[in-house]
Amino acid sequence: MTLSALRVAIIVFPGSNCDRDIMVAIEQLTSRRPALVWHKEASLEAADLVIIPGGFSFGDYLRCGALAGRSPIMNAVLDHAARGGAVMGICNGFQVLTETGMVPGVLIRNAELKFACRNVRLQVCKTLASPFTSKLAINKNLTLPIAHNEGNYFAEPGELDQLEGEGQIAFRYTDSSIIGKANPNGAARDIAGVISRNGRVIGMMPHPERAMSDLHGGSDGAYFLLKSLEALVS
Amino acid sequence: MTSASDNMTFKNASAMGLSRDEWDLITQRLGRVPNLCELGIFSAMWSEHCSYKSSKKWLKTLPIDGPQVIEGPGENAGAVDIGGGLAAIFKIESHNHPSFIEPYQGAATGVGGILRDVFTMGARPVALLNALRFGEVNNDRTRHLVSGVVSGIGGYGNCIGIPTVGGEVNFDKSYNGNILVNAMAVGLANSDRIFRSAATGPGNPVIYVGAKTGRDGIHGATMASAEFSDETESKRPTVQVGDPFTGKLLMEACLELMASDSVLSIQDMGAAGLTSSSVEMASKGGLGMEIDLDLVPTREGNMSAYELMLSESQERMLMVLKPDATERARAVFDKWDLDFMPIGQVTETGRLVLLKNGGAVCDIPIGPLVDDAPEYDRPHGEAPSRPQLASAEIVTDSPISLVLKLMLGHVDLASRRWIYEQYDSQVMADTMAGPGGDAALVRVHGSSRGLAISTDCTPRYVEADPKTGGAQAVAEAYRNLSAIGATPLAITNNLNFGNPEKPEIMTQLIESVTGMGDAARMLDTPVVSGNVSLYNETDGNAIQPCPVIGMVGVIDNVETAVGNSFIAAGNHILVIGQGDGTIDGWLGASIYQQHFGDNKIYAPPPIDLSDERSHGSFVRQQILAGKINAAHDISDGGLAVAIAEMAMKSGLGANITTPASGHLHGWAFGEDQARFVVSTADDAALIAAAKDAGIEITKIGMVVADSELKFGDSDTISINEVCGVFEGCIPSLMVG
Amino acid sequence: MQAIVNIVLKDGVLDPQGRAISHSLNDLGFSEVSDVRVGKQILLEIDENDPARLRQRVARMCETLLANTVIENYSIVVADEK
Amino acid sequence: MQAIVNIVLKDGVLDPQGRAISHSLNDLGFSEVSDVRVGKQILLEIDENDPARLRQRVARMCETLLANTVIENYSIVVADEK
Ligand SMILES: Nc1ncnc2c1ncn2[C@@H]1O[C@H](COP(=O)(O)OP(=O)(O)O)[C@@H](O)[C@H]1O
Ligand SMILES: [Mg+2]
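Chains as they are written, first to last, in my numbering: chain A, 1 to 234; chain B, 1001 to 1736; chain C, 2001 to 2082; chain D, 3001 to 3082.
These are computed hints drawn from the structure, not numbers from a lab.
Honestly, I wouldn't trust all of these hints.
Coverage of chain D stretches by chain C, computed from C-beta distances (three or more under 8 Å per stretch; other residues unrestricted) [stated by the list, open to error]: (1) 3019 to 3028; (2) 3046 to 3060.
Label-pair restraints from in silico Cβ distances [said to hold, decoys possible]: (3) B:Ala1569 - C:Val2070: 38 to 46 Å; (4) D:Ala3052 - B:His1144: 45 to 53 Å; (5) D:Glu3032 - A:Ala129: 53 to 61 Å; (6) D:Ala3052 - A:Leu128: 44 to 52 Å; (7) D:Ser3024 - A:Arg32: 50 to 58 Å; (8) B:Glu1504 - D:His3023: 42 to 50 Å; (9) D:Ser3034 - A:Ala129: 41 to 49 Å; (10) B:Gly1446 - A:Val233: 20 to 28 Å; (11) A:Gln162 - D:Ser3034: 27 to 35 Å.
Computed from a predicted model, the values in this text were never measured in an experiment.
Ideal Cβ placement from N, Cα and C applies to all residues, glycine included.
Produce the complete structure using the sequences and hints provided.
This is the structure in structure tokens:
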């Protein structure tokens, strides 16, 4: 399969605001425009990758991702994942995935109680087999932007041990010359992204779609997305 | 219609802020006394905020025309042609008072309001900026206000998904009891698809859309008069609460509907809510309007006509639709889960008629509401003349590096990172340069064109000399745009002043508007929109006057823009706009004076508008020609601060040659205008080009790989050290 | 001792969060829900044994920090007074 | 009828907001405060007259939406049962 044959679906909730950004980013890499799927749809056309974009679905009211997690379309996304389909949740999308239990843990308020928008440096971790990490060099550093108020990853210590043991941690915040602390939000064990037990679902706080070229100030987002898409077609 | 018990008297009018003359005019125009609802409508329409009664005479002196102008002041926002069939639509607006009472909600609703002004015109908002002024920073109240305002701005902008790409902030004790929160929004539309507010076509339906109406922010003045209250329901001023989620839905729904051929005219409900929107739409169309208030969607029971007309509930719009478009429009708003309600129709009568419970509760001619709104030529005098501060009187001989450290730790110069990292500056993925540069640069989606935007004002200059200060604000914005390579197109402005009934305040206003107008004319940046905020006083003490400029410009190819960070060791550093001989430096009204001088007010650096124009154009041309690879305008703090900022951003150092004679501190920290620091790989070519253009230029040093700033032979400081001071200042002040 | 502070928005102040939750509950089949308001509950652990003094101190905390009295009302529950 | 749902974080779950409030209170001179936890209080207006059924429906709402049972505990107060 070629990249341009890859069918990508992007779920749009009321309040999503990075849906267009990730659509443009994927199109830049595959030359094929992803489908935008409105949350009220009950079914999902066959897709090779479902992306839940960033934003403030339902205004982040109650808990980030909670109301979106109960939208009609999420049943179809859960079915897709249960069939082994690939899912990527970015920022608010990550929060939606934790709310529906598709990836472990929860994302709570940033430790400093402030929204944080800046570049962070990530380290790629050694993981179980997953299309989202298989083509990345272990320990490679990526510089990507974050922009969130609730990105403080939390799970019980026992569960964290297990995630580490099983290779479900995709990225960690790591030391950087970038001004500010390496860990921008207080996340347990510096976790910035996790993957599901079957490796097919990833949730991550950083926004790859905002680092697609030097004009954005860096292209590590394009690199990460391209490697993931390549793994999905191979 | 008007029951006798409901008849208003001058006492009621006075409680709503109307003067005796204004009251007499109302009764004369109506031929009777108004009832409560009618009086409320007059008082809102004739308030300073809606009628510009103190400033109108002077605003008329501003230049508003130019080949680039599509829509000047008068609509919800101004519009300029940026090429490619597109228009940039923008405006700035203040939310000073609400933000002082409730900083989070006040700032958030300020952002929501300015966004509605822009998408009402059919533009998709693409950038937000702000201009903030707070009191002394070592003060719990200030800290509370700063953190509330900043998180409120972020709370709205981040959620609705429009990047906050820039702004400015200063601190001064005159703002202790009266902060300034000005928000600017910029949007993009096809230049032939701009929507306006004039109602058309008698018989056409008037539609209310968006959120429901509650008792939010109802005209504060009336709260004092208990006799208005025919119900026991609380009439205390309720704070408006912003709902960016509904704001986002409203924006998407409006833009979706405006893409179809359904909307004839549209107006957001801002200050004075349903009153100003209905009156303005009808008056601009030269028509009337009839509204059935029982149809207005409400979220609280038993709202009176007065409350319904004066409520400032957020996220609401009024539209006139084509006669056959109602069902199509309803489907769009249903999809987005928003209220959609036909509440009336356009009429030919020229009157505003409001129905409630089957009867008319208001029937007034619209003409007087708008045309007869008072216009005052308030008394004013002459601006005080200020002594000039000779550099010799103030300079010391401490090393530049030591002074530089002090300066960079000054709250008005230090890094604003603590603030702008709380804003999502990148959503929409077209931010090419966000906060931290000179102008922000936002790519026009799907093209290589870019919008350059900056907000600027230096209140201490305006206080010292309002005319120079007014011109300087425009000039600084012009320089900020030029420094990235963009062509300035037009401005919006927010005039923040004290009580205009005091002659000295009126003088400040008039003089700064004059300076602003002169500069706008000379720099070809007409005024296309703006806002006036007066009575910014506490206990009779006025704020430092603050006429904020928001400037928008364009660059054809974002790849040709430069930043204000050094690029490579071995590059040459030059100052444009300064000859070898200019070494005295202008220290009056500077940040240096604040550190080392007395508290007197001295004359600010003079502005030479033709220099601003030629130096700015030169820098722009050389950037576009690839001859300059980094540029930074020289403003607060002077030359040494500009160089330090370029070094800190890059991590590279600089070896700077100091002048052999004259006042070293004046040279380093003087705030003489119309200057830029630039770096280039080819100094000879740049110098030659400057000579050809008749522009002064001086080579002052080199970019070096060592992370150090070196002034002259022996005065050295590491970038790490300056960075620590620069970045540490605001975070540590915010901890208290 | 423990004190609980309940903080709710004043009447008339818009509660967008409550509105969104109410919608969602309706969509999820809980059509009987007609209104939702969201408040905060702050649980304080305090070294103070006198319930009256405790209440007084907590009221001070509410006025100085815990509640935004421009838009919120608060009520205090002192555990051992109940 | 009215129902109130109180939602608190489970023990052991980090509460950044509670911690920040606790610090601030200490700084403001309320040194007797040793711990603060921040929870939510959700007030529901429901068309249902039977308190037992009401409680049962609200419990369903909590499990489906209102609480994230991974990190939160909830309790229900039904007004007329009190
Ligand atoms: N309140 C604010 N919001 C967002 N960005 C800000 C704010 N204040 C300052 N900035 C950003 O910090 C940088 C420096 O601000 P300032 O010193 O006012 O710049 P200049 O002197 O070039 O006008 C600019 O990029 C500006 O956009
Ligand atoms: Mg600048």
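Exercise. Do Ala1569 of chain B and Val2070 of chain C keep their Cβ atoms within the hinted range of 38 to 46 Å?
Worked result: violated (54 Å)
Problem set entry | CB-CB spacing for Ser3034 of chain D and Gln162 of chain A relative to the 27 to 35 Å hint | holds (33 Å)
Exercise. Between Gly1446 of chain B and Val233 of chain A, is the Cβ distance one that fits in 20 to 28 Å?
Worked result: holds (26 Å)
Problem set entry | Outcome of range test on Cβ distance (Ser3034 of chain D, Ala129 of chain A; 41 to 49 Å) | Given range 41 to 49 Å: holds, Cβ gap about 48 Å.
Problem set entry | Hint check for Ala129 of chain A and Glu3032 of chain D - Cβ pair distance inside 53 to 61 Å | holds (54 Å)
Exercise. For the pair Ala3052 of chain D and His1144 of chain B, does the Cβ-Cβ distance stay inside 45 to 53 Å?
Worked result: holds (47 Å)
Exercise. In terms of beta carbon proximity below 8 Å, does the stretch 3046 to 3060 of chain D have 3 or more residues touching chain C?
Worked result: Since three or more residues must qualify, the claim that chain C covers the stretch 3046 to 3060 of chain D holds, with 5 doing so at under 8 Å.
For this session: State, for the Cβ atoms of Glu1504 of chain B and His3023 of chain D, whether the hinted interval 42 to 50 Å holds or is violated.
Result: holds (46 Å)
For this session: Kindly confirm whether 44 to 52 Å is satisfied by the beta carbon distance between Ala3052 of chain D and Leu128 of chain A.
Result: holds (48 Å)
For this session: Hint says 50 to 58 Å; check whether the CB-CB distance for Ser3024 of chain D and Arg32 of chain A agrees.
Result: holds (52 Å)
Problem set entry | 8 Å C-beta test of the stretch 3019 to 3028 of chain D against chain C, three or more residues | Coverage by chain C holds here, the residue count being 4 at a Cβ distance below 8 Å.
Of the numbered hints listed earlier, the single one contradicted by the structure is hint 3.
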